[in-house]
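Line by line, the protein sequences give chains A and V. In terms of my numbering, the first sequence is residues 1 to 717. In terms of my numbering, the second sequence is residues 1 to 717.
Any given hint might turn out to be false.
[What the hints assert, rightly or not] Beta-carbon label-pair distances, calculated as ranges:
#1 V:Q481 x A:A346: 58 to 68 Å
#2 A:P76 x V:G188: 50 to 60 Å
#3 A:E663 x V:P700: 21 to 31 Å
Note that these hints are calculated values from the structure, not bench results. Virtual Cβ for every residue (Gly too), placed ideally from N, Cα, C.
There are 2 protein chains.
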Amino acid sequence: MSPQPDEPSDRHDGLDAIFRPKSIAVLGVTNTPGTVPHDIFVNLLSARFQGVVYPVAPRKRHIAGVRAYDYVLDIPDPVDLAVLVFPGAVCEQALLQCVQKGIRAAVIISAGFREVGPQGLERENRIKAIAHEHGMRLIGPNCLGVINTEPDVLLNASFARAMPAAGQIAFLSQSGALCTAVLDYAQGKGIGFSKFISLGNKADVGEVDLLEYLATDPQTSVILMYLEEMTHGRQLIEVARRITREGDRPKPILAIKGGRTPAGAAAAQSHTGALAASDRVCNAVFEQAGIIRCTSLEEMFNTAQLLAYQPLPRGRKIAIVTNAGGPGVMATDAAIERGLELARFASDTTKKLKKALPAAANIKNPIDVIGDARDDRYIAAMEAVFTDKNVDQVLVILTPQSMTNITQIANAVCNVHKRFAGSGKSLACSFMGARDVAPGIQILQQAGIPHYILPEWATDAMTSVIRYREWLQRKPSTVKQYPARKAEAGAILDNAPDGYLTEVDALRVLQAYGFPLVDFRLTQSADEAAAAADETGYPVVLRIVCPKIIHKFDARGVILNLQSADEVRRAFVSMREHVLKTVSESDITGFLVRKMIPSGKEVILGINRDPLFGHVVMFGLGGLYVEAFKDVTFRVVPIDELTAKDMIDGLRASSVLRGLRGEEPSDVNAIEDALKRLSQLAADFPRIAEMDINPLIVHPSGQGAHVADVRIRLQTQ
Amino acid sequence: MSPQPDEPSDRHDGLDAIFRPKSIAVLGVTNTPGTVPHDIFVNLLSARFQGVVYPVAPRKRHIAGVRAYDYVLDIPDPVDLAVLVFPGAVCEQALLQCVQKGIRAAVIISAGFREVGPQGLERENRIKAIAHEHGMRLIGPNCLGVINTEPDVLLNASFARAMPAAGQIAFLSQSGALCTAVLDYAQGKGIGFSKFISLGNKADVGEVDLLEYLATDPQTSVILMYLEEMTHGRQLIEVARRITREGDRPKPILAIKGGRTPAGAAAAQSHTGALAASDRVCNAVFEQAGIIRCTSLEEMFNTAQLLAYQPLPRGRKIAIVTNAGGPGVMATDAAIERGLELARFASDTTKKLKKALPAAANIKNPIDVIGDARDDRYIAAMEAVFTDKNVDQVLVILTPQSMTNITQIANAVCNVHKRFAGSGKSLACSFMGARDVAPGIQILQQAGIPHYILPEWATDAMTSVIRYREWLQRKPSTVKQYPARKAEAGAILDNAPDGYLTEVDALRVLQAYGFPLVDFRLTQSADEAAAAADETGYPVVLRIVCPKIIHKFDARGVILNLQSADEVRRAFVSMREHVLKTVSESDITGFLVRKMIPSGKEVILGINRDPLFGHVVMFGLGGLYVEAFKDVTFRVVPIDELTAKDMIDGLRASSVLRGLRGEEPSDVNAIEDALKRLSQLAADFPRIAEMDINPLIVHPSGQGAHVADVRIRLQTQ
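Construct all of the structure, not just a fragment, from the sequences and the given hints.
Right, dumping it as structure tokens:
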């Protein structure tokens with residue numbers, strides 16, 4: 001069930017019953033340790049839940065020392081949350097009893113639903129209907145459960161092995177088993193969580209509801225997601241965009257999308273029954289929603305740490321302090337490759353460094369305090385860069401030499417960091433190694449200083465953080481509404497049958513939406529064609545219009561560069577004669593006379609309809625090489641002003657349009673304009689299933705662009 | 001000093017004295033713990049060195065309980081190896097005394113040489129000269145030292161904090177401080193080393209000498225390097241190629257090259273005085289030498305583990321066994337993206353899986369044994385895939401559910417692995433998490449099963465291993481020697497002044513080396529030009545040849561597509577008239593009449609001379625887009641048959657030449673031919689500093705190619 005805009009308070013109430021219940025009934029508990037129905041009940045108790053837990057276990061007197069009930073209806077007190085661990089087949093009945101008991105929220109751990117095939121899907125639809133009818137909120141089925149680390153709640157309604165530490169990071173996952181790995185992994189890194197949610201099959205509550213809930217959760221400052229399918233695509237974009245950019249406390253969202261490759265998507269489908277959207281559409285959605293896309297857990301948590309514990313730095317200028325040349329070089333390489341910049345120190349900084357460090361030290365960035373450095377040199381170098389206004393971010397690297405006083409240096413780093421807490425500069429550390437450096441790493445982590453085993457991981461995270469900052473600072477951008485003759489286009493688009501529009505109809509639709517077209521006339525005779533050419537002006541192109549002729553050039557159905565009325569007449573006669581050898585008179589719609597388009601760069605604009613996200617606009621450069629490089633950008637309709645610009649700048653070969661080798665730059669404004677008109681047209685007419693403007697010929701800056709060819713395919717949904 | 005081919009035994013003897021000494025003098029030891037001169041001596045003792053160590057410390061009676069000597073000459077016994085920890089300024093004198101003492105090898109830990117500027121460089125040159133004169137081998141200066149874990153040696157002549165475990169991996173590093181991080185890092189992963197060498201400034205022994213030594217070292221099966229500059233570039237290629245491909249026991253070499261970016265290279269230069277070769281040349285060198293290039297320590301050790309402990313798998317077909325859907329999806333995505341393939345199971349395998357696993361399990365690849373799986377399911381799934389002949393590599397993933405019996409599963413994995421040891425299939429595991437999974441990981445590591453925290457890292461490593469296997473299986477390829485008129489080319493190339501050759505001379509050089517040229521004549525009059533055109537055949541191009549005219553088209557110095565003798569005459573007259581407005585008669589070398597080249601795809605071939613590696617061949621597609629994509633390949637001269645092919649296939653847009661969108665494929669044989677001729681020409685004439693064939697016009701398959709334009713710049717070295 002999708003959230004309805006008219007019931008926000010209800011929805012929050014429902015989710016509050018899930019995350020902050022006062023009393024919980026666990027339905028289907030057993031006495032066998034090492035099984036889900038048992039462990040989940042024990043987990044609730046051992047996490048020191050700050051309310052009451054009731055085991056429901058037919059024909060059992062007690063479970064783990066707690067009095068058990070045959071049915072949920074037997075519980076003498078009110079219950080806020082039901083956790084179902086019964087076998088899938090029994091869940092429907094159990095849920096109905098929960099309704100009867102007045103329970104408003106449930107977490108269904110049980111498997112055996114959509115993921116096992118048609119019978120399971122039916123079962124899932126039935127519990128969905130029950131929840132919908134009775135205003136009950138559901139997490140699951142087929143999930144690991146839910147965790148809330150708030151001290152006055154302490155809820156571990158999951159079969160994870162341990163309760164995580166409290167922290168500012170919320171994690172949602174569509175894979176239950178991944179959750180357990182993430183919990184263990186995070187524990188090793190000293191990372192805590194605010195909320196931890198296994199989404200399961202998302203019969204009711206999905207990522208959009210949870211994002212809305214977490215947006216106002218005071219414990220959460222960063223949201224992480226592992227998704228395999230995205231439900232409510234459009235809403236996801238809107239909600240994520242709002243959370244990541246707006247309000248007093250915008251929160252970054254990081255996501256991994258499983259099923260990037262066809263084989264991965266097939267695997268995803270087999271285990272959650274998920275239908276994957278195209279991966280390129282996914283990328284577009286994440287870009288437009290401000291979601292930071294990650295490809296591995298390492299990348300996600302590396303970035304999340306920096307976002308959760310450090311200020312958003314002002315810019316890309318990084319200072320590196322290291323006691324080892326090689327790692328300094330490797331960090332520099334990684335920083336530059338990822339788009340950070342090495343800060344150029346103020347002269348005052350250089351003076352301070354010169355004074356404090358030995359002669360053999362490198363006082364340029366990266367600062368090498370040399371292998372035998374102890375805490376004093378680290379302090380001096382850090383103080384210098386933290387006071388330098390050219391520095392936005394600081395990376396401190398340590399390698400364990402025999403004389404390196406690791407824990408003292410770690411403490412010194414924490415002190416300097418504390419003293420410069422108001423500087424707005426972010427700090428990350430890399431104490432390289434494993435055993436010797438471990439005590440130092442622990443000191444850093446306890447002080448909230450993100451630590452990375454490899455300096456490269458720190459620079460990766462720093463880059464993602466800067467990209468998030470740029471997203472925050474992005475100016476508000478609106479969707480431009482062009483004046484368009486919608487009715488005129490509708491007369492064609494609403495009435496044509498499914499399939500391709502004729503060339504002339506397609507051109508007329510573009511005309512109605514103000515696309516840059518050259519003058520054209522559909523003619524039926526040589527004289528008419530010559531007269532038309534006189535009107536449009538020379539040179540002209542003559543083109544056959546005939547649905548049966550697909551490859552016009554091969555069929556001699558196109559003649560270019562006609563310079564006079566006479567030439568047009570002769571061309572008409574010869575073209576007609578030739579095509580009539582293969583098609584009959586009645587197949588020919590007419591002969592199109594069109595002014596020649598001046599030369600320019602060829603680009604391609606397209607529309608596709610995605611089952612989940614609706615219309616998607618595509619943009620790329622024309623030509624063979626571009627096909628070889630697959631260099632195209634996608635965005636979901638509607639696209640705003642800045643997004644149109646992004647689509648052009650997002651091409652790897654966008655420099656071709658910006659003027660390469662001293663060439664005149666192309667009229668990118670004209671391309672942006674066409675992209676936005678295309679978006680408006682698609683938004684107005686859902687029947688458009690596919691559309692290509694191929695090519696749009698773009699002239700030098702200020703001289704506009706012209707549509708050279710267009711295809712529109714309609715398909716009623 | 002570079003290794004001389006006529007003294008191989010001497011060189012090995014010298015390095016044996018470094019790695020397997022019976023007695024060591026440490027010069028410059030002090031009594032202050034926490035300083036290099038003290039710690040290094042203590043390290044030697046505490047590593048249980050299987051020989052004698054003598055401290056040399058003027059005016060000290062004893063160091064760490066061991067009798068000390070004022071001078072090395074005072075030591076009453078013979079000494080194999082000197083370890084110098086004196087301040088840099090004293091090293092020269094100390095080294096001379098070592099010579100006097102008859103010591104044949106030294107490790108100079110001391111800093112204060114090339115890395116500190118001109119004075120240090122002089123100092124380094126002096127110790128280099130001493131070593132060279134007396135046939136002494138030197139490691140360093142400015143290094144961390146040397147480690148050999150062989151049980152009958154146990155040498156830790158370094159200031160690392162601890163002796164690493166013994167293992168099959170050798171590590172060389174140009175950054176000393178990186179070594180300590182690597183040692184600690186590897187310890188955390190349970191990785192041992194055979195030899196561990198900090199190269200320092202490489203005054204004498206460099207990576208080439210060490211590779212030669214390690215090639216025959218029975219303890220070493222994989223070699224890792226961190227380099228910032230490469231000395232003896234050509235030798236590196238030859239030696240690495242031999243080690244990685246030839247003999248009874250080829251050994252893979254993995255390397256990180258620090259200083260990939262200009263900022264990184266600058267940082268490298270400031271700390272070791274290294275001069276970095278261009279990064280793209282570096283890539284070419286690694287490709288041609290069979291060295292696996294890594295960009296981080298994680299990547300390097302991940303791959304090294306698989307190479308050291310598992311058999312080289314037959315192919316790219318991977319089977320994944322997991323108890324968690326999400327990680328299975330993520331591993332599949334990563335595997336496919338990196339070029340592995342999911343194995344399609346034999347029907348027998350599917351039957352076995354169906355029988356052994358519960359109904360909810362996914363018996364397709366990736367096999368999901370489901371979250372509540374215990375060891376029995378892992379055993380069944382592993383047995384099934386290990387006996388399936390469609391499977392080359394196996395990846396086992398585990399997430400710690402509350403009922404997951406982690407150590408039992410780890411033991412079961414080890415058992416199955418042992419039983420199928422002869423299968424030739426490689427196994428990698430990913431027990432995801434940190435704390436809960438730690439005991440399981442330890443069991444795997446002790447059994448020599450590579451473990452990765454993230455499944456993606458396993459697939460990365462599997463991909464690198466497969467690439468190494470392909471390198472091993474690569475057919476031997478020779479450098480083709482084309483019949484060429486070398487003397488004719490030499491008459492031009494040996495006698496022309498530094499700078500650009502004239503167009504006609506450049507064409508004649510190409511002619512002498514058999515490049516595909518269209519017929520051309522240099523003419524001086526309209527009649528001569530017309531006669532020349534009659535000889536070459538029509539249509540022709542007329543081009544001015546005049547060193548003062550750079551942009552021929554702008555100066556109307558090129559007229560295309562002349563169809564008759566008359567047209568040639570008229571063109572000649574008008575061109576001459578026009579150019580004489582800006583240059584004088586005597587500036588004009590003549591007028592080139594050249595047959596028009598039929599149309600085709602434009603490609604660019606080039607030569608550059610790298611200070612370290614000599615001539616480098618460059619190949620790319622022509623046109624603006626390709627410039628935007630920077631899609632070019634490089635290889636060091638001479639290039640063999642397969643390498644020429646690699647240069648073409650290595651382009652991201654090579655599909656353009658192979659026939660895209662149903663186009664005819666281009667004549668790639670003609671391109672390969674031109675690349676190999678170019679390589680031969682460059683090898684024959686070191687004076688060629690730069691050369692471009694831009695463009696070479698390539699016709700459809702079987703129809704050859706033609707040089708349209710060429711530039712050659714000479715520069716005597």
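Hints, one by one, checked against the model:
| no. | hint | verdict |
| --- | --- | --- |
| 1 | V:Q481 x A:A346: 58 to 68 Å | holds (60 Å) |
| 2 | A:P76 x V:G188: 50 to 60 Å | holds (54 Å) |
| 3 | A:E663 x V:P700: 21 to 31 Å | holds (29 Å) |
In the structure shown, no violation is registered for any of the earlier numbered hints.
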